[in-house]
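Chemist: Whenever a hint applies, use it, and build me the whole structure from the sequences.
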Amino acid sequence: MFFALISILINSAVAADLAPIYVQSVTAKINAEKKIGSENLAIVKRGQALVILEVSGDWYKIRHNKIEGWISKLFVSKQKPVGIADISQNEKISPEKLSRKRSNNYSTSAAARGISVSERGRGNTEKYRSNPQAVEQIESEIIDPGELKKFEAEGNLNKDQ
Amino acid sequence: MKIIISYLKWSCLVLCLQACSTKSDISVSRDSSKVRLAKTQSTLNINEQDVETRGKDEIIQEVKDEIVIGKGMAAKLLGTFGYYDNIKANKYVNLIGQSLIRKIGRPEIKYYFAVLDVDDVNAFAAPGGYIFVTKGLLLFCLNESELAGVLAHEIAHVNQKHMYKGISVKHEVSVGENLTRILSRGGSDLSSSLSKTITKGMKILLDDGLTHADEYDADAVGVIYSLMSGYNPTSLKDFLARLQFKHDALMSKTHPPFLERIARIQKNLDENNLTSQMTANENNLQYRFNLYLKGTHK
Numbered sequence: 001m002f003f004a005l006i007s008i009l010i011n012s013a014v015a016a017d018l019a020p021i022y023v024q025s026v027t028a029k030i031n032a033e034k035k036i037g038s039e040n041l042a043i044v045k046r047g048q049a050l051v052i053l054e055v056s057g058d059w060y061k062i063r064h065n066k067i068e069g070w071i072s073k074l075f076v077s078k079q080k081p082v083g084i085a086d087i088s089q090n091e092k093i094s095p096e097k098l099s100r101k102r103s104n105n106y107s108t109s110a111a112a113r114g115i116s117v118s119e120r121g122r123g124n125t126e127k128y129r130s131n132p133q134a135v136e137q138i139e140s141e142i143i144d145p146g147e148l149k150k151f152e153a154e155g156n157l158n159k160d161q
Numbered sequence: 001m002k003i004i005i006s007y008l009k010w011s012c013l014v015l016c017l018q019a020c021s022t023k024s025d026i027s028v029s030r031d032s033s034k035v036r037l038a039k040t041q042s043t044l045n046i047n048e049q050d051v052e053t054r055g056k057d058e059i060i061q062e063v064k065d066e067i068v069i070g071k072g073m074a075a076k077l078l079g080t081f082g083y084y085d086n087i088k089a090n091k092y093v094n095l096i097g098q099s100l101i102r103k104i105g106r107p108e109i110k111y112y113f114a115v116l117d118v119d120d121v122n123a124f125a126a127p128g129g130y131i132f133v134t135k136g137l138l139l140f141c142l143n144e145s146e147l148a149g150v151l152a153h154e155i156a157h158v159n160q161k162h163m164y165k166g167i168s169v170k171h172e173v174s175v176g177e178n179l180t181r182i183l184s185r186g187g188s189d190l191s192s193s194l195s196k197t198i199t200k201g202m203k204i205l206l207d208d209g210l211t212h213a214d215e216y217d218a219d220a221v222g223v224i225y226s227l228m229s230g231y232n233p234t235s236l237k238d239f240l241a242r243l244q245f246k247h248d249a250l251m252s253k254t255h256p257p258f259l260e261r262i263a264r265i266q267k268n269l270d271e272n273n274l275t276s277q278m279t280a281n282e283n284n285l286q287y288r289f290n291l292y293l294k295g296t297h298k
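Protein chains in written order, with the numbering used here: chain A, 1 to 161; chain B, 1 to 298.
Simulated from the structure, these hints should not be mistaken for lab results. Each hint should be verified, as a subset may be incorrect.
Simulated crosslink set (EDC-like; lysine to aspartate or glutamate; CA at most 16 Å straight-line) [as the list claims (entries may be wrong)]:
#1 K73(A) x E33(A)
#2 K253(B) x D208(B)
#3 K110(B) x E33(A)
#4 K35(A) x D58(A)
#5 K78(A) x D58(A)
#6 K73(A) x D58(A)
#7 K246(B) x D120(B)
#8 K35(A) x E68(A)
#9 K34(A) x E271(B)
#10 K110(B) x E136(A)
#11 K159(A) x E139(A)
#12 K91(B) x E139(A)
#13 K78(A) x E58(B)
#14 K150(A) x E136(A)
#15 K35(A) x E271(B)
#16 K298(B) x D120(B)
#17 K35(A) x D120(B)
#18 K80(A) x D117(B)
#19 K103(B) x D58(A)
#20 K88(B) x D144(A)
#21 K127(A) x D85(B)
#22 K73(A) x D217(B)
#23 K88(B) x E147(A)
#24 K110(B) x D144(A)
#25 K91(B) x E141(A)
#26 K80(A) x D57(B)
#27 K91(B) x D144(A)
#28 K78(A) x E54(A)
#29 K294(B) x E58(B)
#30 K246(B) x D119(B)
#31 K161(B) x D217(B)
#32 K91(B) x D117(B)
If the Cβ cut is set under 7 Å, some of the chain B residues that face chain A in the computed set are [stated by the list, open to error]:
#33 A74
#34 T80
#35 Y83
#36 S99
#37 R102
#38 K103
#39 I104
#40 S229
We put the CB at the ideal spot given by N, CA and C, even for glycine.
Modeler: So, in structure tokens, the structure goes:
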């Protein structure tokens with residue numbers, strides 16, 4: 001039984017090493033050498049699975065459609081990419097909500113220790129002032145995709161995308 | 001059967017001892033900056049392995065935690081320095097930032113770019129994609145590529161989770177806290193320590209700085225990000241080379257020495273066969289740089 005357990009653990013470790021990697025950036029280049037400025041062999045898209053042949057520093061040697069080349073670790077992960085949709089499926093993220101939750105926990109614990117309401121106050125002791133309304137303003141300033149496209153075209157940016 | 005029970009007992013004992021030693025290492029790290037740097041490095045390595053083997057739900061929860069912390073820090077930065085009320089300047093920074101992240105942004109988060117109303121030359125990245133430059137930095141930049149180089153450096157901090165890895169509650173839990181988490185069926189640890197975590201992050205942003213290793217990493221990665229969008233990959237180096245002579249540059253308080261950063265960027269450029277060439281249209285970039293920032297004054 002003991003040896004069976006060890007055997008299962010070893011086998012899963014080997015399988016993990018052989019797991020593919022997935023492109024995280026919108027596109028990523030497969031390079032001929034382990035250099036950003038080296039010859040570009042192919043471009044792969046977000047979510048593409050790649051087979052690892054070798055690991056060297058910040059680079060993976062990979063195989064994709066019979067092409068063997070190098071891809072920077074910056075653009076890949078062993079996890080499939082998680083999209084914004086996965087995050088927004090859940091409840092709305094709000095620091096205020098969590099702050100309130102923390103206060104309640106704090107108050108409950110203070111009450112349990114016999115500390116009065118006035119002694120519990122932590123207001124006006126914060127070193128950094130907060131402006132959540134300004135964050136909301138920034139979050140609401142969404143760039144129109146057409147305007148971004150025009151901006152990039154004027155500057156000749158992101159050409160190979 | 002006895003062998004199995006004995007094996008399980010020993011496994012539990014070893015796990016408990018490992019958890020205790022982790023906690024004590026972190027306590028030591030608070031007393032010495034050198035030890036802190038070493039510990040951070042090893043923690044990062046553990047995290048990378050951890051990330052590779054986690055499930056989707058756990059990743060989603062972590063991203064949500066990261067965004068909440070980032071939002072809280074963004075609110076503090078805006079509350080402390082103020083939002084620079086200049087529509088054109090903010091739009092310009094936002095357009096450059098959004099162009100950069102179109103290729104290299106993390107798919108699970110949105111990125112926000114804005115200008116802080118302060119004359120010091122500085123830039124900040126809060127977890128979850130909240131990136132700021134100061135009005136002083138806009139005035140100090142000579143061209144769009146320099147501004148893009150700084151933004152790319154900040155995007156690299158977000159993408160590499162430099163700040164989040166340093167302040168997230170996950171790395172400071174004790175055995176007792178772990179037990180509490182297990183008993184509470186594994187939800188986020190964040191709700192009990194959000195305010196503390198945000199304050200810790202602000203202290204790093206404004207007083208202590210990230211580790212030098214993280215800053216060098218953001219420089220190297222930022223150069224690659226700039227290049228990928230078509231900007232001049234040497235621009236960040238040019239920007240730092242000029243900034244080192246600005247004696248009141250607050251950035252020097254929270255960042256490694258300018259000369260060391262410049263030398264490392266140059267080495268990285270050389271190793272990757274990168275020169276000051278860019279595919280972007282330099283004339284158009286300069287024209288709109290002047291146009292968008294025309295109304296930006298001290």
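Chemist: Hint by hint, note whether the structure agrees.
Modeler: Here is what the structure says about each hint:
no.: 1; hint: K73(A) x E33(A); result: holds, 14 Å
no.: 2; hint: K253(B) x D208(B); result: holds, 8 Å
no.: 3; hint: K110(B) x E33(A); result: violated, 32 Å
no.: 4; hint: K35(A) x D58(A); result: holds, 10 Å
no.: 5; hint: K78(A) x D58(A); result: holds, 14 Å
no.: 6; hint: K73(A) x D58(A); result: holds, 5 Å
no.: 7; hint: K246(B) x D120(B); result: holds, 10 Å
no.: 8; hint: K35(A) x E68(A); result: holds, 15 Å
no.: 9; hint: K34(A) x E271(B); result: holds, 10 Å
no.: 10; hint: K110(B) x E136(A); result: holds, 13 Å
no.: 11; hint: K159(A) x E139(A); result: violated, 27 Å
no.: 12; hint: K91(B) x E139(A); result: holds, 13 Å
no.: 13; hint: K78(A) x E58(B); result: holds, 15 Å
no.: 14; hint: K150(A) x E136(A); result: violated, 26 Å
no.: 15; hint: K35(A) x E271(B); result: holds, 7 Å
no.: 16; hint: K298(B) x D120(B); result: holds, 10 Å
no.: 17; hint: K35(A) x D120(B); result: violated, 36 Å
no.: 18; hint: K80(A) x D117(B); result: violated, 39 Å
no.: 19; hint: K103(B) x D58(A); result: violated, 19 Å
no.: 20; hint: K88(B) x D144(A); result: holds, 15 Å
no.: 21; hint: K127(A) x D85(B); result: violated, 24 Å
no.: 22; hint: K73(A) x D217(B); result: holds, 13 Å
no.: 23; hint: K88(B) x E147(A); result: holds, 14 Å
no.: 24; hint: K110(B) x D144(A); result: holds, 14 Å
no.: 25; hint: K91(B) x E141(A); result: holds, 8 Å
no.: 26; hint: K80(A) x D57(B); result: holds, 12 Å
no.: 27; hint: K91(B) x D144(A); result: holds, 11 Å
no.: 28; hint: K78(A) x E54(A); result: holds, 14 Å
no.: 29; hint: K294(B) x E58(B); result: violated, 46 Å
no.: 30; hint: K246(B) x D119(B); result: holds, 13 Å
no.: 31; hint: K161(B) x D217(B); result: holds, 11 Å
no.: 32; hint: K91(B) x D117(B); result: holds, 15 Å
no.: 33; hint: A74; result: holds, 5 Å
no.: 34; hint: T80; result: holds, 5 Å
no.: 35; hint: Y83; result: holds, 5 Å
no.: 36; hint: S99; result: holds, 5 Å
no.: 37; hint: R102; result: holds, 6 Å
no.: 38; hint: K103; result: holds, 5 Å
no.: 39; hint: I104; result: holds, 5 Å
no.: 40; hint: S229; result: holds, 5 Å
Going through the hint list in order, the structure does not satisfy hints 3, 11, 14, 17, 18, 19, 21 and 29.
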